[in-house]
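Student: Sequence:
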Amino acid sequence: MNLKRAVPWIAFGLALAGAASSLLPSGKPRGFDVEAFGQVPILEGGRVKPVDTIARNALLMIRGKQSASSEGRSIGPDEWLLDVMFRPEVADRQELFVIDDPEVLGLLGIQQSRNRYYSFATLAPRIDEIQRQYVAAEPIDPKVRSHFQSAIVNLFERMFLYHRLKNTVQLEGTPGLAAEIAARAGPGAPQRHRLLVELAHFKPLLPVTPTGDAWRSVGEALTGTTTVEPGLEQWARLGLAYQAQDAASFNRSVADLAATAALGRPDAAARSDHEWLFNAAQPFYSGMVIYVLALLAVFVSWLWRPVLLQRLAFGLLLAGAVVHTLGLASRVLIQGRPPVTNLYSSAVFVGWAAVLLGVVLERMYRRGFATAVAAASGFASLIVAHHLSVDGDTMEMMRAVLDSNFWLATHVVTITIGYSGTFLAGALAIGWVVRRHLTRRADPAASKAIVAMTYGIICFALFFSFVGTVLGGIWADQSWGRFWGWDPKENGALLIVLWNAIILHARWAGFARERGIMAMAIFGNVITSFSWFGVNMLGVGLHSYGFMDKAFWALSAFVGTQLVLMLFALVPARFWSARRAEAAAPGKDRPEGASQPV
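Following the working numbering, the numbering of the sequence shown begins with 1 at its first residue and continues without gaps.
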């Protein structure tokens, strides 16, 4: 096989192999089979998930990372959760809580740390003051809280989550679950009853695998019957073994607990195993890495070996698309829902659709430009999704009004494809602007190809955004009894349709040529971003699901950059240079002529 023809497939295979390497066993730290522990199913937030998901989400919310440092080494989320549950004296010394606000540090009388992280042991003596400030700040609308109030609310909620995890299986400061089971019928029952009531209070985590239909917390299992359930005893042995740092006993207890779960609820165990595999693979992180490599290969191709490196970049883009697709399909299977259910999944889906469109465009035009734009779009959307994941479980239970697989698979997916198309058209236009001002040699054929790509994608986006908006009106009529209510989200969807239609009419009527169309395509990014994220920032309407103060500044910065790029689209090519690279030809599009449409 010709080397040039084989390059994309070699790149494709190597990239997939690199992504699959994350599934290789990571070993047993200090002899403890923490991976098997991470696969144990638990009911939390209305759905069954592995312990690994609980640990990852909690550590991400508390520390902003999925790893911690303990006793001079880096530990994963499952080992961290074991420390929190069964060795709190060790976990309390780990620096987990990030505090950036100087007012909060001043209030607590804590000196600013070099790495901005503080342990629970450092913060615990100030918990009363933190709670007092939280009680004062929490009732205030998030949109009008001061920076200090937002920081103190965030800190308290993270500390409470940590406290809840510590007391899920056994209460801190007590002899432990095994002692509680042994003394159920002995003296001191009133005191133990009080402790059991407290354990039952920490109900969001239900670790005891049911023999019937209902999952239960440890406290509920202890107070329910006189018979001790097998799962409860296994949790107790597991805790004792980990406290004693007895790896062999711990591994046996984990194996028994997994067997009990598989016997009592095989469906839950299978779903938990699938989600654990998804967590271990981290397909969206791998996808980001592959997209960056594809983008770098395209950049280098503009300087050296263009044909060879553009084919290599395309192979990497295909591999990124496959990994992205597998991650998206896994989420669908785990949730049993269509691919778009919340803001996080919409970010993943928007990037995926943009990448697939870019693959099609690259196969049509074969210039490497669509590969660059698609890789950049995929990477950017997965970065957005990553930042949205810090709020907790990205597969949470559906809100009642959204609990419809039919409409999620029609309206939501269709209109999100419209988002993808509009963003991709804007990304192509940005690439056209960058190329126009940075390349030294004019390439009219390449410019014409990019404009043709942008035009085709705008047509595609108009169709899907229009159909999706109409389907949304039908869903609204079924849910709320009206087809259209001028809700902010509905207005945003309409603006996307109208703006794409305006671009096409401006082109057909001759009101705008290359520069004008590209500037308008970039402004489509602004309109789509407001429809996508701006609704939550307004905090009003039936489509608003929570104010995001951090996203406000990110959105403002994004809009600012798009306006600057629009300006660069409208100014003459390399306007800072004394010499023009090309002269306007009579009868053709004259980008520099004031009397001609732009």
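What the hints contain is simulated information worked out from the structure, not anything from laboratory work.
We put the beta carbon where it would ideally sit given N, CA and C, even for glycine.
Check before you lean on any hint, since a few could be wrong.
Computed list of lysine-lysine pairs in PhoX-like fashion (alpha-carbon distance at most 25 Å, straight line) [unchecked claim]:
#1 K489 x K143
#2 K28 x K65
#3 K28 x K143
#4 K28 x K166
Here are the computed distance ranges between Cβ atoms for each label pair [claimed, not checked]:
#5 E71 x H147: 29 to 37 Å
#6 L3 x A442: 25 to 33 Å
#7 L107 x A554: 22 to 30 Å
Student: Which of the stated hints cannot be reconciled with the structure, identified by number in ascending sequence?
Tutor: As far as the earlier hints go, only 3 is violated by this structure.
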